[in-house]
Amino acid sequence: MKKRTSLLLALPIFLIMAGLALSLGPRSVSFDELWNALVAADTNRPEDVVVWSLRIPRLVAALLCGAALGVAGSITQTVTRNPLADPGLLGINAGAAFGVVVFMAVAGDEVTVARSAAAMAGATSGALVVLTLGAFAGNRPHPLRLLLAGAAVSAFFLAMVRGFLLLSQQALDTYRFWVMGGLGGISMAAIGTLLPLFTTGLVLAAAAGLMLNAYVLGEDLAKSLGVDIHLAYLLGLGAAVCLCAAVVTLAGPIGFVGLLAPHLAKVLAGADERARLLVSALLGAAVLLTADIAGRLLFAGAGMQAGVMVALIGAPALLLAIRRGR
Amino acid sequence: MTRTIVVTWRCGPFSGRIDPRTLVFAVLMLAILITMSGFVLYSGNYPLSIAEISTILVQPKDDTPDIVIWYHRLPRLLVGIGAGAAFGLAGALMQDMLRNPLASPDVTGFGAGAACGALCSIMLTASSFWVLPGAIAGGVLSAALVLLLAWKNGLSPARLVLTGLALSLFLMALVDIMMARLDLLTAADAMKWLVGTFSSPEWSDVVLISCALASLGPAALWQGFALKRLALGDDIAAGLGFNVPTVRLWILFLAVGLTACAVGVAGPLPFVAFAANPIARRLSAGFGAGNGSPLLGAAAVGACLTVMADLVCRSLPIGADLPTGVFTTMIGAPLLLWQLTREIRKGVI
Amino acid sequence: MATFPFPLSAKGLTLTRPVGLVLDKLALAVPRGKVSVVIGPNASGKSTLLRCLARLLRPDEGEVLLEGAPVNLQKSKHVARQMAILPQNSTVPEYLRVFDLVARGRTPWQSPLSQWSVADALAVDRALALAGVEEYSLRPLSELSGGQRQRAFIAMILAQDAPILLLDEPTTFLDLPHQIELLELVRKLNRESGKTVVMVLHDINLAARFADHVFALRGGKVHREGTPGDVVTEATMREIFALDCLVIPDPLHGCPHVIPR
Chain A
1 MKKRTSLLLA
11 LPIFLIMAGL
21 ALSLGPRSVS
31 FDELWNALVA
41 ADTNRPEDVV
51 VWSLRIPRLV
61 AALLCGAALG
71 VAGSITQTVT
81 RNPLADPGLL
91 GINAGAAFGV
101 VVFMAVAGDE
111 VTVARSAAAM
121 AGATSGALVV
131 LTLGAFAGNR
141 PHPLRLLLAG
151 AAVSAFFLAM
161 VRGFLLLSQQ
171 ALDTYRFWVM
181 GGLGGISMAA
191 IGTLLPLFTT
201 GLVLAAAAGL
211 MLNAYVLGED
221 LAKSLGVDIH
231 LAYLLGLGAA
241 VCLCAAVVTL
251 AGPIGFVGLL
261 APHLAKVLAG
271 ADERARLLVS
281 ALLGAAVLLT
291 ADIAGRLLFA
301 GAGMQAGVMV
311 ALIGAPALLL
321 AIRRGR
Chain B
1 MTRTIVVTWR
11 CGPFSGRIDP
21 RTLVFAVLML
31 AILITMSGFV
41 LYSGNYPLSI
51 AEISTILVQP
61 KDDTPDIVIW
71 YHRLPRLLVG
81 IGAGAAFGLA
91 GALMQDMLRN
101 PLASPDVTGF
111 GAGAACGALC
121 SIMLTASSFW
131 VLPGAIAGGV
141 LSAALVLLLA
151 WKNGLSPARL
161 VLTGLALSLF
171 LMALVDIMMA
181 RLDLLTAADA
191 MKWLVGTFSS
201 PEWSDVVLIS
211 CALASLGPAA
221 LWQGFALKRL
231 ALGDDIAAGL
241 GFNVPTVRLW
251 ILFLAVGLTA
261 CAVGVAGPLP
271 FVAFAANPIA
281 RRLSAGFGAG
291 NGSPLLGAAA
301 VGACLTVMAD
311 LVCRSLPIGA
321 DLPTGVFTTM
331 IGAPLLLWQL
341 TREIRKGVI
Chain C
1 MATFPFPLSA
11 KGLTLTRPVG
21 LVLDKLALAV
31 PRGKVSVVIG
41 PNASGKSTLL
51 RCLARLLRPD
61 EGEVLLEGAP
71 VNLQKSKHVA
81 RQMAILPQNS
91 TVPEYLRVFD
101 LVARGRTPWQ
111 SPLSQWSVAD
121 ALAVDRALAL
131 AGVEEYSLRP
141 LSELSGGQRQ
151 RAFIAMILAQ
161 DAPILLLDEP
171 TTFLDLPHQI
181 ELLELVRKLN
191 RESGKTVVMV
201 LHDINLAARF
211 ADHVFALRGG
221 KVHREGTPGD
231 VVTEATMREI
241 FALDCLVIPD
251 PLHGCPHVIP
261 R
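First to last, the protein sequences are chains A, B and C.
Counting in the numbering used here, the first sequence runs from 1 upward without gaps.
Counting in the numbering used here, the second sequence runs from 1 upward without gaps.
Counting in the numbering used here, the third sequence runs from 1 upward without gaps.
It is worth saying that the hints were derived from the structure and are not from the lab.
Certain hints may be false.
Straight-line Cα separation of at most 27 Å, DSSO-like style, residue types lysine-lysine; simulated pairs [claimed, not checked]: (1) C/Lys25 - B/Lys152; (2) A/Lys266 - B/Lys152; (3) B/Lys152 - C/Lys75.
Being a predicted model, the structure only gives us computed values, none of them experimental.
Use the sequences and the hints to build the structure in full.
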C-alpha cells in the first residue's frame with residue numbers, strides 16, 4: 001500500500017519539479033509565461049525562447065543524464081559485486097577530464113563540438129585501458145582487479161590532468177568550471193547527437209538487466225538457469241561505459257549519482273535486480289533534477305552546477321542512510 | 001605455489017619466523033633507496049661530483065656547495081624518505097585493517113578534509129603561512145567526523161569505508177566550489193598545494209617526520225601481529241583473543257597520525273598510500289606464508305616511490321614547475337598496473 | 001583452587017534483533033569434561049547462543065560466566081587461552097597454507113616479539129597430528145576439499161590449547177563419512193584430553209550419537225536438557241520441531257535414533 005501511494009504522489013511531484021526547472025534561472029519565467037510558452041509558443045517573446053532553447057533542453061538533459069547515471073551505477077555495482085563501485089571508477093571520468101584538458105590547453109576555452117569529441121575520446125580510451133587490464137583474469141570476470149585497475153588508471157589520468165593544469169593557467173581557468181559538472185547551456189542539438197549513445201547504453205543495460213537476477217547467484221547457479229555470466233558482465237560494463245561517456249561528454253563529470261541512486265533503489269526495490277535497475281534510473285533522474293533545481297534556488301544568478309550540488313545534498317543523505325542501516 | 005623456506009630464530013624469551021625472501025626484499029629496497037639517494041644528492045642545477053658530495057657529507061663547511069647539499073638536497077631527500085615511508089605505512093595499515101585492497105587513508109576522509117582545510121585557509125587568510133595548519137586541522141577534523149558517524153557498537157569496515165567515501169565526496173565538492181570562486185592566480189597556487197609538493201623543506205620538517213616515524217612507526221609495526229590475525233575474519237580474531245573494535249580504533253588513530261605528519265611535511269602526495277602496500281606485497285614474500293612484515297615492506301616501497309618521483313620531478317626539463325605529487329601517481333600507477341598484468345599472465349588468484 | 005563444576009554458564013541471556021526476541025532469559029550450564037550439543041529448529045537461537053558464550057556477541061541482558069567470572073570483564077587474551085571457537089563461516093585468505101593457519105591458533109600464547117617459541121612449535125605439530133592434517137600441511141587452503149579444510153580449522157583451534165572448545169555447526173558442507181570422522185575426532189579429543197566441548201549441530205541423530213549432554217532450544221530458551229536418552233524422545237521432538245516421529249534405539253550404537261513419519 002505504501003508503495004502505491006508513493007507512486008501516485010510521484011507524478012504530481014514530478015510536474016511541480018518540472019515546472020520549477022523550467023521557470024528558475026537568471027531570467028526567471030513566471031508560471032503564466034511558462035504555460036503560454038508551452039502551449040502557444042511565439043518566437044518573438046524572449047521568455048518563450050528561453051524556455052524552449054534553454055530550459056527544456058536543460059530539463060531533458062537532467063532527466064536523461066540522471067537516469068543514465070543511475071542505471072550505470074546500479075549495473076556497475078551488481079556486476080562488480082561491490083557496493084562502493086562508482087562507474088566513474090572505470091576510468092571514464094578521468095579519461096574524459098584528460099581529453100578535455102589537453103583540448104583546453106591546445107585550443108582554448110571554446111565550447112565546441114570538438115571539445116565534446118575530445119571528452120568522448122578520452123572517456124572511451126580510459127575505459128578501454130581499464131577494461132583491457134582489469135576486466136578479466138584468464139577467462140573469468142574479475143571484479144576486484146577491475147576496480148583496482150580503474151582506480152590506478154583514473155589516478156594516472158588525473159595526475160596528468162593536474163600536470164597540464166599547472167602548466168597552463170588558461171586550461172585551469174576553464175577546467176575548474178567544467179569539472180563541477182553543469183547542465184547549463186546544453187542544447188537540444190547536443191542531446192540529439194548523443195542520443196544514439198544513450199540509447200545504445202540503455203539497450204545494453206536492459207539486455208544485461210534481464211540476466212542480472214541470475215548473475216548475482218554466482219557462476220554455477222546462473223549457468224544452470226541458462227545465463228552466461230561472461231555475457232552479462234560484458235554487457236553490463238559496456239552499458240556503463242556508454243552511458244557514463246555520454247553523460248561526461250554532455251555535462252562534464254558528475255559523480256555520486258551513480259553511487260547514491262542504486263543504494264536508495266535497493267531499499268525501495270528490494271532484491272529484484274531488474275526492478276532495482278529501473279528504480280535506479282528513476283531515482284537518478286530525480287536526484288539530478290533536484291540537485292539542478294536546488295542549485296538554482298539556493299544560489300543567485302546562474303546557480304550552482306548540478307554536479308557539485310549532487311555531492312553537497314547527496315552525501316549527507318547517504319551518510320544518514322548508512323547511519324540508519326546495518 | 002613454490003615451496004617457501006622459513007627460518008626460525010630464538011633469543012631468550014623472544015622468537016619468530018622469517019622468510020628469507022623477505023630479507024632479500026628488504027636488502028633490495030635498501031639498495032634501491034641508497035642508489036636513488038645518491039642520484040638525488042647528485043642531480044640538480046649545481047653540479048657536484050660524487051667525491052665532493054661524500055666529503056661534504058662527512059665534513060661540512062660553510063661554502064656554497066655545502067649549503068646546497070646540507071640545506072637543500074639533503075633535507076629534501078630525508079623528507080621524501082620519511083614522508084614516503086609514513087604514507088606507505090598508513091596505507092598498509094588501513095588496507096589490512098579493513099581487509100580491503102581498495103582502502104587508503106582517504107577512506108578516513110583525511111585527504112579531502114586536508115584539501116578543504118587548505119583552501120579555507122587560502123580563502124580566509126591571504127598568507128600562505130596558514131595553509132599547512134589549516135590542512136592538518138581539516139584532515140584531522142574530517143577523520144574524527146568519519147569516525148563519529150561510522151561508529152555504531154564497533155567499527156564495521158563496510159560502514160567506515162562508505163562513510164569516509166561519502167564525506168570525501170562532499171568535501172571535494174566544496175573544494176571544487178572554492179576553486180571556482182577564487183581568482184585565477186590564487187587558484188593556480190592552491191592547485192599546486194593540492195597536488196602535493198615539497199619543494200622547500202627545511203630541517204624542521206625532517207625533525208618532525210623523524211619524530212613521527214620514531215614514535216608512531218614502531219607502534220604501527222607492533223600492530224602487524226594483530227593485523228595478520230585480523231585477516232582471518234573478525235570472529236576468529238576475537239576468538240584468538242583480540243578486542244577487535246579497540247584494535248581497529250587504535251590502528252585508525254595511527255594511520256591518521258602518520259598521514260597528518262606526512263602531509264604536514266610534504267603536502268598530500270597522492271597514490272603513495274594507496275599503492276605502496278599492494279606493490280610491496282606482490283614483490284615480496286608477504287603474499288604467501290605471511291611471515292614477512294608487510295607493513296615494513298609498504299613503508300620501504302613508499303619511501304622508494306616518493307624519492308623516485310622527486311628525482312624524476314627534478315630531472316625533467318619542465319619538471320621545475322611540476323610538483324612531486326604528479327610523479328608519484330605517474331610512477332606508482334603504472335607500477336601497480338604492471339603488477340596486475342603480471343598476475344594476469346601468471347594466472348595467480 | 002576450587003574448580004567450578006560448570007566451566008561455562010549463562011544466566012538470564014536476552015538478545016533482541018529486528019526480527020524479534022532471539023534469546024529469552026536463557027540460562028544454561030555446560031558440564032565440565034563432557035561433549036554438549038545444542039539442538040533446536042532454525043532460528044531458535046542456537047548460533048546466537050554459542051556466539052554469546054564465546055563472547056563474540058554481547059547480549060542485551062544477562063551474563064556469561066567463564067570459570068565463575070563474567071566473561072566480558074576478563075581480558076580477551078585470557079579468555080582465549082581457556083576457550084577456543086570455530087565459527088560457522090570464516091573468510092580466510094585462500095593463499096594461506098594449512099601450517100600457517102594452524103600456527104595462528106597459537107596467538108593467545110604469543111606476542112609480537114615472541115611469535116614462535118618451542119612450545120608453539122610443539123603445539124602446532126601436536127595439533128596437526130591430532131587432526132590428521134600433517135600430509136597436506138604445506139598446501140594452501142584453496143587446494144583443499146571441504147572436509148580437509150574443516151580439519152585444518154579444527155587443527156587451528158586445537159593448537160590454541162584451550163580446555164573448552166565451541167564449535168558452530170562444524171559439519172556443514174561435509175559428506176556423511178566426513179561428518180562422522182569429524183565428530184569421532186571431537187569425541188576422541190574429549191575422551192583423551194578431557195576437553196569440554198559445546199557444539200551446535202543440526203542433525204539430531206548425530207547429536208544423539210555423539211553427545212554426552214544435550215540442550216534442546218525452543219523459542220530462545222532451553223526447553224529440555226539432559227542425556228540423549230532423556231532429551232531425544234518423541235514427545236520432545238514434537239514439542240520442539242513439531243515433528244511427528246518414531247524414536248528407536250540405534251541398532252549399532254544404542255543411542256536414540258529419530259525416524260520422521
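Against the structure, the hints come out as follows:
no.	hint	in the structure
1	C/Lys25 - B/Lys152	holds, 25 Å
2	A/Lys266 - B/Lys152	holds, 22 Å
3	B/Lys152 - C/Lys75	holds, 22 Å
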